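*Asks:* Residue numbers (the working numbering), protein chains in the order written: chain A, 1 to 351; chain B, 1 to 390.
Just so you know, these hints were derived from the structure itself, not from any lab. All values derive from a computational prediction rather than experimental measurement. Cβ atoms here follow ideal geometry from the backbone N, Cα and C, with glycine treated the same way. One should not assume that every hint holds.
[To be verified] With a straight-line cut-off of 27 Å between C-alpha atoms, the simulated DSS-like cross-links for lysine-lysine are:
1) B:Lys282 with B:Lys240
2) B:Lys193 with A:Lys116
3) A:Lys7 with B:Lys195
4) A:Lys116 with B:Lys199
5) B:Lys195 with A:Lys116
6) A:Lys299 with A:Lys310
7) A:Lys185 with A:Lys195
8) B:Lys195 with B:Lys240
9) B:Lys46 with A:Lys116
10) A:Lys116 with B:Lys40
11) B:Lys199 with B:Lys226
12) B:Lys48 with A:Lys116
13) B:Lys309 with B:Lys362
[Stated by the list, open to error] Here are some chain B residues the structure puts well away from chain A; computed CB gaps all over 10 Å:
14) Met96
15) Ser110
16) Leu207
17) Ala239
18) Pro280
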Amino acid sequence: MDSTKLKQEIQERRAQMQSAPKEGVAGQHNMEELRKLQPRYRGLEAGHRACQGCGEALAARLVTEAAGPDVILTNATGCLEVFTTPWPQSAWRLPWIHSLFENSAAVASGVEAALKAQGRSTKVIAQGGDGGTFDIGFQALSGMLERQHNILYVCYDNEAYMNTGIQRSGSTPHAAMTTTSPPGKERMGKRHMKKDLLSIIAAHHIPYAASASVAYPADIRRKVRRAVSIEGPTFLLIHSPCPLGWGIESDISIEVARLAVQTGLFPIIELERGELTGVMPIRNPRPVTDYLKLQNRFKHLFTDDPRARKEREHVQALADHNIEIYQLRGEGVDALDTDGADTVRRGGVVD
Amino acid sequence: MLHALEGSQAIAQAVALCRPAVVAAYPITPQTHIVENISKLVADGKLKCEFVSVESEFSAASVVLGSAATGARSYTASSSQGILLMAEVLFDIAGMRLPMVLTCANRAISAPINIWNDHQDAMTVRDSGWIQLYCADNQEAIDTTIQAFRISERTELPVMVCVDGFVLTHTLEVVDMPNAEQVDSYLPPFTFKNKLDPKHPLSLGTLVGPEYYTEARYSLHRALEKALPEIESADADWAKICGRASGGLLTVDGPESASVGVLAMGSVVSTLTEANEILPGKKRVRLMKLRAFRPFPAEALRQACAGLKELIVLERAFSPGCGGILGTEVRAALAGMAKPPAVRNFAVGLGGRDIPLGTLSKLLDAAKAQGNEGFSILDVEPERLPPEDR
Ligand SMILES: Cc1ncc(C[n+]2csc(CCOP(=O)(O)OP(=O)(O)O)c2C)c(N)n1
Ligand code: SF4
Ligand SMILES: [Mg+2]
C-alpha cells in the first residue's frame with residue numbers, strides 16, 4: 001500500500017474512533033486495532049548508510065522510538081555516528097551530539113548538568129559501541145554512573161571495533177576471529193574472555209541496568225521505557241549483530257542474535273541496584289555450535305584441528321555457566337521466554 | 001573595592017561574578033585553589049551552578065563541551081598534564097565552535113615531572129583553535145576572566161585565560177574586585193543559537209569528508225582572525241566600566257627612542273617592567289607585553305616594532321629540536337616588514353626556575369652574542385649538565 005493511501009486510511013479510522021462514544025471505544029475496537037492506530041515516533045530516520053542487516057541501526061531506531069521525542073542524544077565515535085551523519089546529511093530527528101570516541105558519557109553528563117541548571121526535564125541518552133563503552137570510554141562511563149547523572153547509557157554491542165575494520169575489543173567473545181585476533185598456528189582467535197561489563201556496571205549499584213537483544217524488539221522497548229522513567233543513571237547493553245564483522249548474510253542477523261540468547265551466550269538479564277531482578281528464560285537451550293557455525297568469525301572452530309573441538313567445548317562451557325549462574329533455564333512455556341517473547345503479537349501478552 | 005586576595009581566590013570570585021551555569025573540573029597543582037574556591041562558593045550558596053566533580057580532566061573538558069552545547073555558560077580550569085590530557089577534547093570544542101572559558105594555571109610538562117611554572121602546557125595546545133590570553137598580574141587575571149566570557153560568547157570560540165602557576169595563582173595581591181552590577185552590565189546572559197533542543201533538533205559534531213573539511217577549518221581560522229577586534233573592544237568596553245584596561249592584544253612600554261625591544265607573555269612582563277625602570281636611561285628597552293597569543297596579532301606586532309633595530313623574544317617554553325615557539329612566530333610575522341628588527345630568541349624560567357630582576361641585563365648582554373636565527377636557554381647552568389652536553 002502506498003503511504004498516502006495508508007495515511008488516508010489511518011485518518012479515517014481515527015475520525016471513526018473520535019466519533020465513537022467514549023466508553024464504547026475499547027469495546028468497538030479490539031486492542032490489535034488500537035495499537036495499529038497509535039502513531040509511532042521515529043528518532044532515527046531511514047536513509048542512513050548502515051550496511052544491510054546492521055543490528056546497531058535497528059537497535060538505535062528501537063531505542064529512540066521507545067524513548068520518544070523529548071530526548072537529547074550523545075554518541076561516541078563508531079559506526080552509528082558515521083553512518084547516520086555524513087555531512088550535510090543527518091538521519092536523526094532528535095538533538096544529537098558527537099564529540100569523541102571515549103567521552104559519550106562525559107558529554108552526556110555535561111548536557112544533563114546544563115538541563116538541570118536550566119530547569120529542563122528533557123531526558124539524556126548516551127550512546128556508544130562496545131569499543132567506546134567496554135574499553136576506551138569506560139572511565140567516563142564509570143564516572144557518569146558514580147555521579148548519579150540522570151542519563152540512560154545505551155551500548156550497542158557488536159563485539160568488535162567495526163568502524164575501523166573489525167578489530168577485537170574487550171567485548172569480543174573468546175575464540176572469535178577479528179583482524180587483530182586472527183587464528184593461526186599459535187592462536188585460535190581471541191585469547192581472552194568477553195569482559196563481563198554488566199557485573200562491573202552492577203557494582204556501581206545504579207537503579208537499573210539490563211541487557212537486551214535486537215532479536216527481541218518488544219523487550220528493548222519495555223526496557224527503554226523503564227529506564228527513561230527512572231530518575232538517575234541507567235544502563236542498557238544491546239546485542240547487535242554486525243553482518244560484516246561477524247561474517248554472516250545480512251538477512252540472518254536477527255536469527256543469529258536470537259541464537260546468541262537461546263544458547264546462553266548472551267544472557268538477557270535485569271539488575272536493580274546491583275541485584276539480579278529478572279531474566280529472559282530460555283525455553284529450549286540450543287547447543288552453541290548452532291550459533292557459532294553460522295558465523296565466519298568462528299569458522300576456524302569447525303576444522304579438524306584438535307584445538308577447534310577444545311575451543312567449541314570451551315565456548316559451550318561458557319554458555320552453560322551463564323545458564324547456571326543466571327538460572328536461565330525456563331520451566332515449561334512462558335509468554336516472555338526466548339520463544340514466547342519472539343512471537344509477534346499486538347495488544348499485549350496473549351496466552 | 002580593593003581586597004588582598006590570593007590569585008586563585010580572585011579568579012574564582014571573578015568566575016562567580018560571570019554566573020556560569022555549569023563548572024566541571026579536576027584538581028591539579030597549581031590550579032587546585034581555583035576549583036576549591038569555586039566549590040566553596042557553591043557550597044555556601046554564593047554561586048548557583050551545577051558543579052560537576054569529574055573523574056579526569058578529559059571528562060572535565062567533555063562535560064563543559066556537553067553543557068556549552070546545551071546552551072549553558074560553562075567554565076573549567078586546569079594545568080600542565082591536565083591540559084595535555086584534555087588536548088583531544090580542546091581541539092574538538094574549538095572545532096565545534098562552542099563558547100566557554102578555561103583558566104590554565106600554567107605549569108611545566110613531564111618528564112621530568114615538575115609542578116612549577118612555565119608555559120609549555122598552553123603552548124602545546126596552541127593549534128587547538130582556542131583563543132589564548134596571557135595575564136601579567138592578578139588584576140589582569142580578574143579582568144581578563146570577565147572579558148573572556150564576552151569574547152567567547154560573541155565569537156563562538158573558546159577562550160583560555162593563562163595565568164602563571166604559583167607566581168599568580170598562589171600570590172597574595174591587592175586587587176580591585178568588580179561588583180555584580182558592573183559585570184552584569186557588561187556581560188549579557190548567554191544565548192547560544194546552536195544549542196541542543198528537542199524542539200529544534202540539530203546534529204552537532206557530524207562526520208565531514210574531504211568535500212567540506214577544508215572549508216570548516218578555514219572558517220575556524222577566519223573566526224580566530226575576526227576575534228582580534230573583539231579582544232580589543234572587550235578590553236576597551238570593560239575599561240569604560242571599571243577604569244582599567246588589561247592590554248588589548250599587546251601593549252608597549254618604555255622609551256619611544258629605544259632601539260632594542262623585549263617581548264614576553266605573562267607575569268615575567270611585570271618583572272621586566274620593574275627591571276626596565278631601574279636600568280640606566282639610555283639602556284632602557286621598548287617592552288612589549290603580548291596578551292593575545294591566539295589569535296596572533298601579527299599586524300599589531302609589526303606596528304609595535306616600527307623603528308626597532310633589535311627585538312628580543314623571551315619565552316617560557318620551547319619546541320625541542322627546533323627552538324623557540326613564540327620566537328619563531330614573531331620572526332615569521334616580522335619578515336613582512338620593510339625594515340624588520342633582528343630577532344633574538346631566549347627561553348627562561350623553565351619548570352619554575354626563578355626569574356630575578358637581573359634577568360633583563362643578562363638578556364641584553366646575551367643577545368649581543370646570539371645570531372639572528374638563534375635560540376638559547378638563558379639560564380641553563382652548564383655545571384649541572386652531563387659532560388657531553390656542556
Ligand atoms: C582516541 C581514538 N582512538 C581511536 C579511534 C579510532 N576509532 C574510531 S571508531 C573505533 C571503533 C569503534 O568501535 P565500537 O565502539 O565498538 O563501535 P562500532 O563501530 O563497532 O559500532 C575506533 C578504534 C578514535 N576515533 N579515537
Ligand atoms: S560494519 Fe557492522 S556495525 Fe557497521 S554499519 Fe555495517 S553492519 Fe553496522
Ligand atoms: Mg563495536
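*Asks:* If a hint holds in the structure, say so; if it does not, say that too.
*Replies:* Here is how each hint holds up against the structure:
no. : hint                   : result
1   : B:Lys282 with B:Lys240 : violated, 35 Å
2   : B:Lys193 with A:Lys116 : holds, 19 Å
3   : A:Lys7 with B:Lys195   : violated, 33 Å
4   : A:Lys116 with B:Lys199 : holds, 17 Å
5   : B:Lys195 with A:Lys116 : holds, 15 Å
6   : A:Lys299 with A:Lys310 : holds, 14 Å
7   : A:Lys185 with A:Lys195 : holds, 25 Å
8   : B:Lys195 with B:Lys240 : violated, 32 Å
9   : B:Lys46 with A:Lys116  : holds, 18 Å
10  : A:Lys116 with B:Lys40  : holds, 20 Å
11  : B:Lys199 with B:Lys226 : violated, 31 Å
12  : B:Lys48 with A:Lys116  : holds, 12 Å
13  : B:Lys309 with B:Lys362 : holds, 19 Å
14  : Met96                  : violated, 8 Å
15  : Ser110                 : holds, 20 Å
16  : Leu207                 : violated, 5 Å
17  : Ala239                 : holds, 31 Å
18  : Pro280                 : holds, 56 Å
Going down the numbered hints, you'll see the structure goes against 1, 3, 8, 11, 14 and 16, while the others check out.
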